[in-house]
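Asker: Residues per chain are reported as follows:
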Amino acid sequence: MLTLPPFEYHSPTTVEEAVALLRQHRGQVKVIAGGTDLVPNMKHRLFTPAHVVGLKAIAGLDRVAEEGPDIRLGAMCTIAQLARDPLVQKTLPSLAAAASQIAGPQLREMGTLGGNICLDTRCVYYNQTYFWRKALGFCLKKDGTVCHVVQGGQRCVAAASNDTVPVLMTLNARVRAVGTNGLREIPIAELYVPDGIVNTVLAPEELVVEVRVPRPEGRLIAGYQKLRVRASIDYPALTIAVAAKIDPADRAEWIRVVVSALGARPHLVGGLERFRGRRFDQGLAAEVSQVAYRQCHPLTNINVDPAWRREMVPVFVRRAFARAQLSGSGYFEKEGAQRTSDSPPPPNTPTQQTR
Amino acid sequence: MSFGKKLNVVGRRLRKVDGLQKATGAAVYADDIKLPRMLHCKILRSPHAHARIKRIDFSRCLEHPGVVAVLEGKEIPTRYGVIPWTPDEQALAADKARFVGDEVAAVAAEDELAAEEALELIDVEYEVLPPLIDPAEALREQRIKIHEGSKQGNISKHVELSFGDVAAGFDRCAAIADETFYYEGSTHTPIEPHCAIGNYDADGNLTVWSSTQIPHYVHRELSRVLELPEARVRVIQPFLGGAFGGKSDPFSLEFVVAKLSMKTGRPVKCLFTREEVFWAHRGRHPMKMRFKVGLSETGRIESVDSKILIDGGAYSSFGLVTAYYAGQLLTGPYQFGAYHFDSTRVFTNKPPCGPKRGHGSVQPRFAFEVALDMAAEKLGLDPIEVRRRNFIGENVKTINGQLITSNGFLRCLDLVEKASGWKERKGKLGFGRGLGVAGSMYISGTAYPVYPNEMPQAGIQVKLDRSGKVTIFSGASDIGQGSNSVPAYLIAEEIGCDPRDCLVVVSDTDLTPVDLGAYSSRVTFMLGIACVEAGRKLWAQISAAVAEKWGVEAARIEGSLGTIFVPETALSMSFKEAVRLAEAKFGTLGATGSYRTEKLGGDYRGGTIGASPAYSFTAHAVEVQVDPETGIWTVERVWAAHDCGKALNPTLVEGQIEGSVYMGYAEAAMEEMTYLPSGLHRGPSLLDYRIPTSLDTPELTAMIVESGDPKGPYGAKEAGEGPLHPVIPAISNAIHDAVGIWLTELPFHPGKLLRLLREKDKPRAPVPPVEERISAAGESRA
Numbered sequence: 001m002l003t004l005p006p007f008e009y010h011s012p013t014t015v016e017e018a019v020a021l022l023r024q025h026r027g028q029v030k031v032i033a034g035g036t037d038l039v040p041n042m043k044h045r046l047f048t049p050a051h052v053v054g055l056k057a058i059a060g061l062d063r064v065a066e067e068g069p070d071i072r073l074g075a076m077c078t079i080a081q082l083a084r085d086p087l088v089q090k091t092l093p094s095l096a097a098a099a100s101q102i103a104g105p106q107l108r109e110m111g112t113l114g115g116n117i118c119l120d121t122r123c124v125y126y127n128q129t130y131f132w133r134k135a136l137g138f139c140l141k142k143d144g145t146v147c148h149v150v151q152g153g154q155r156c157v158a159a160a161s162n163d164t165v166p167v168l169m170t171l172n173a174r175v176r177a178v179g180t181n182g183l184r185e186i187p188i189a190e191l192y193v194p195d196g197i198v199n200t201v202l203a204p205e206e207l208v209v210e211v212r213v214p215r216p217e218g219r220l221i222a223g224y225q226k227l228r229v230r231a232s233i234d235y236p237a238l239t240i241a242v243a244a245k246i247d248p249a250d251r252a253e254w255i256r257v258v259v260s261a262l263g264a265r266p267h268l269v270g271g272l273e274r275f276r277g278r279r280f281d282q283g284l285a286a287e288v289s290q291v292a293y294r295q296c297h298p299l300t301n302i303n304v305d306p307a308w309r310r311e312m313v314p315v316f317v318r319r320a321f322a323r324a325q326l327s328g329s330g331y332f333e334k335e336g337a338q339r340t341s342d343s344p345p346p347p348n349t350p351t352q353q354t355r
Numbered sequence: 001m002s003f004g005k006k007l008n009v010v011g012r013r014l015r016k017v018d019g020l021q022k023a024t025g026a027a028v029y030a031d032d033i034k035l036p037r038m039l040h041c042k043i044l045r046s047p048h049a050h051a052r053i054k055r056i057d058f059s060r061c062l063e064h065p066g067v068v069a070v071l072e073g074k075e076i077p078t079r080y081g082v083i084p085w086t087p088d089e090q091a092l093a094a095d096k097a098r099f100v101g102d103e104v105a106a107v108a109a110e111d112e113l114a115a116e117e118a119l120e121l122i123d124v125e126y127e128v129l130p131p132l133i134d135p136a137e138a139l140r141e142q143r144i145k146i147h148e149g150s151k152q153g154n155i156s157k158h159v160e161l162s163f164g165d166v167a168a169g170f171d172r173c174a175a176i177a178d179e180t181f182y183y184e185g186s187t188h189t190p191i192e193p194h195c196a197i198g199n200y201d202a203d204g205n206l207t208v209w210s211s212t213q214i215p216h217y218v219h220r221e222l223s224r225v226l227e228l229p230e231a232r233v234r235v236i237q238p239f240l241g242g243a244f245g246g247k248s249d250p251f252s253l254e255f256v257v258a259k260l261s262m263k264t265g266r267p268v269k270c271l272f273t274r275e276e277v278f279w280a281h282r283g284r285h286p287m288k289m290r291f292k293v294g295l296s297e298t299g300r301i302e303s304v305d306s307k308i309l310i311d312g313g314a315y316s317s318f319g320l321v322t323a324y325y326a327g328q329l330l331t332g333p334y335q336f337g338a339y340h341f342d343s344t345r346v347f348t349n350k351p352p353c354g355p356k357r358g359h360g361s362v363q364p365r366f367a368f369e370v371a372l373d374m375a376a377e378k379l380g381l382d383p384i385e386v387r388r389r390n391f392i393g394e395n396v397k398t399i400n401g402q403l404i405t406s407n408g409f410l411r412c413l414d415l416v417e418k419a420s421g422w423k424e425r426k427g428k429l430g431f432g433r434g435l436g437v438a439g440s441m442y443i444s445g446t447a448y449p450v451y452p453n454e455m456p457q458a459g460i461q462v463k464l465d466r467s468g469k470v471t472i473f474s475g476a477s478d479i480g481q482g483s484n485s486v487p488a489y490l491i492a493e494e495i496g497c498d499p500r501d502c503l504v505v506v507s508d509t510d511l512t513p514v515d516l517g518a519y520s521s522r523v524t525f526m527l528g529i530a531c532v533e534a535g536r537k538l539w540a541q542i543s544a545a546v547a548e549k550w551g552v553e554a555a556r557i558e559g560s561l562g563t564i565f566v567p568e569t570a571l572s573m574s575f576k577e578a579v580r581l582a583e584a585k586f587g588t589l590g591a592t593g594s595y596r597t598e599k600l601g602g603d604y605r606g607g608t609i610g611a612s613p614a615y616s617f618t619a620h621a622v623e624v625q626v627d628p629e630t631g632i633w634t635v636e637r638v639w640a641a642h643d644c645g646k647a648l649n650p651t652l653v654e655g656q657i658e659g660s661v662y663m664g665y666a667e668a669a670m671e672e673m674t675y676l677p678s679g680l681h682r683g684p685s686l687l688d689y690r691i692p693t694s695l696d697t698p699e700l701t702a703m704i705v706e707s708g709d710p711k712g713p714y715g716a717k718e719a720g721e722g723p724l725h726p727v728i729p730a731i732s733n734a735i736h737d738a739v740g741i742w743l744t745e746l747p748f749h750p751g752k753l754l755r756l757l758r759e760k761d762k763p764r765a766p767v768p769p770v771e772e773r774i775s776a777a778g779e780s781r782a
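Protein chains in written order, with this note's numbering: chain Z, 1 to 355; chain B, 1 to 782.
Next comes chain Z alone, as it looks inside the complex:
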């Protein structure tokens, strides 16, 4: 069995105490929430912290509540809790959908929203044992100097693989974090940077405590699609979220598309402002999907054929729109539109998961 390196475990009961521990042991400490990311990474010797700060004993970090214009999601909400919470299902169906497709059932019970947001970037040359990485000659992200994905690459391109993040980006969520200077709120689109070694702007002693999502108002549709080899457990080969605000005359007010599992930062598809005012139908969704296709370039950092993944970008963007939900019912279904290109449901994709 792979061993865990030895460490001292701390169990603070307040956020302030946790932050103090992070400051005190800066450089030798990791935060553990559900442990589904950290524990295997420690077994792989990607992290060998002398101190580990657990968050279980801090009360109140796992609440889901409606407050003012926001839905508040505690960082210690488990992924399973997000997937089945009635408020999330009703108001943020694309988030519930994404959560329900993370990993497998046992991992969803352990993994948390905060953990998913802070998920370490992933790469086939990085998420391996120490022996394997040594045989490879190590890599840019850990213990080495060479990138094996991009020849001669100077910047790590390990893939952001968090499935909740694309959805939260399309919904304009804000991440609240507590650090030595107190609480700050970061729009989630500004949380990530294109550096696979550390891909967030969070300071080492900053702790994510909550996510606030504006409650969708009016005709806001949101959809989610995930491509992975096994619908039962795998990390994403593509993780795609879409959202659009539609006016009473069926015209698009705004459209947002985020594609991730590409590089270090989830990709917010740019240039969609030009579709403002266009009639929102499947033809428009197809045009949007082509914009996404042109901007997305999957890499070999994930062990699924990049050429095929690229071709799947527009297909799954279209499908995300086609199945996007408006207050629990499909927008296109409501409009009576045909679902020609999407029928039958694609096998090996999350729709099959309940089989």
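These aren't lab readings, by the way, just hints derived from the structure by calculation.
All the given hints hold, so there is nothing to weed out.
Simulated pairs of lysine-lysine, DSBU-like, Cα-Cα distance not exceeding 35 Å: (1) B:Lys34 <-> Z:Lys43; (2) B:Lys263 <-> Z:Lys43; (3) Z:Lys134 <-> B:Lys34; (4) B:Lys54 <-> Z:Lys134; (5) Z:Lys134 <-> B:Lys145; (6) B:Lys263 <-> B:Lys34.
Computed footprint of chain Z on chain B; a stretch qualifies when at least three of its residues, placed anywhere within it, have a C-beta under 8 Å from a C-beta of chain Z: (7) 107-116; (8) 619-632; (9) 747-760.
Far from chain B by the CB rule (all over 10 Å, computed), these chain Z residues: (10) Phe47; (11) Ala50; (12) Gly60; (13) Val198; (14) Glu205; (15) Arg251.
In this text, a Cβ means the ideal position worked out from N, Cα and C, and glycines have one as well.
Assemble the complex: chain Z is given as a structure, and chain B must be docked to it using the hints.
Answerer: Only chain B this time, still in chain Z's reference frame:
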């Protein structure tokens, strides 16, 4: 064993004798064993695919707290291998590492973490050599040799056999399919990683507990390598968490824990990590196959010709057999007019390949069954019909001289045809949905023991106690298939006891008779025959004693589930009373039974390899759905019909059919052992090396056909490996029915399917000659 007799135990859906132990967690697996003063061992592995070991320095390592002993290759240099003709492995490489992960040195320490930390403190000086990763390149290369002792370059084994006039056969053909296929390598992924504990005691006896499926061969090789008398070595196989062929070689850790225990005088345990299971491997060989299949105007298989390049990895393992099986096991269930095969296994600097469920024959079966559909399509022949027309029959010899006794293949075809609605639905499901079929044949053990000898391949000892308890000593290795239960079923059937009163003592070379191991689908067949023999001897004594008591003819007496009686009379007693009478009359009661190797096979070099006392037959029909926009395909259902001769326990047979189908499906859908150009496996973990979970596997209908083999115990034949074969070609054939393309390379990635779909209507480039194609296929794989 007469077929007319009413059966009381055989054929019933009884619980496995160890089912509850496994379900409740009471079963003891190798890693559950903890001995007083036990040390933990870790093995240092080569980070290079091909490197000479110049020097190993343990000085830093020995200073590490907790380290008790270290070991290097030159302390146990004797070469071994499961096949006695090709001993090319060392417990720890003494001179050269031949793949990334090859074992180089070992440490025993007070705990696992200390041992792991200590590995980093062993300083090894390597001279790095150019690695040979691609088999086509390894075949061409003459200068760089992976094994210096190889007679010819990097060739592990070359076999070429010809039966009948292949060229003349093709001349008579109305349709010929000539294609190149590629079968990707895959591995077993048993849920339990390899684990061994060695304990060398003060009396000079060595005991090794190991998660092996071949205790007898491990026993022999331990004795040879450690230079201990065989009588001083005891091998115990605890409960096994799956094997599938992945535990049928002697492995490094078994020798290492034994030697370290001899050095330290303390028990030593080694448990592989999942990654180490990938280095130990011995899984399915990648094969590049050119297959030419010719049909006459009436659809008769006139001629079959194959040329196969087998990627063996770094060591021989069972490779000599693999090279034969790749050709020898293809000659049923269809009659071939003429047949020629040429198979070459080459060494490469990758983890060694070996026997995985359906050893050597799954790959060519895939190629052949798809090629058969291709040729049949040219004649406008229905795939089921062409298989029926070529049925080889019962009590016949195959073209390569193997004797087929019972053969229920036609009934298998009938069942899957009916269950799948083939006649009404084939070709009528619309674009994107399709049906496919394939057939296969497999051995029930091989007539040829791994080392030549005149002794039995399997044996059984039974002890009857006056309490009514029946203790059965069986050397067979239960790897989940149920061989711990088979002796209880068969002895109970023979002697009339309740199978729940049988205690089966298993897989301990000090206590149980020799059984050669769980491979070649031999166990139930051979062990079963031994059980019947022992049971009959005991029944002769029991019935004689009871007959004397009642004053009736012994032949009138029957026994069933603990009661001994004369039918249609009031004469009845408990089994226990009967045993007491027999013990009073004959003295202490016990009996043995054996399975002796039959002389079988063709009269030519290699003719005994693949010769089996009985063959199983299988047909699968598969329905697929293809999404033409993504290339993603799903299997809607598999109908699997398998002729196992007689189901001794139908639930266990169905379990074997289901497990086989899922394993085959997994190979078709996603499994792949792929390597970086340096020879490093791309993802030796269960996250990167994907196998379907229970949520990803298709619906399945398992159907049993009972042809009643005249040689098998109660008519039984194998069921554990045969049912794996057809599902892979059946999926390819079904995808062809759905969208009109032929998938000839495993795994069937959606991206690959999508590309073929787009190219379908484009004109095809002219086909280059065979040799070029095989080497080109190799280059593209490098």
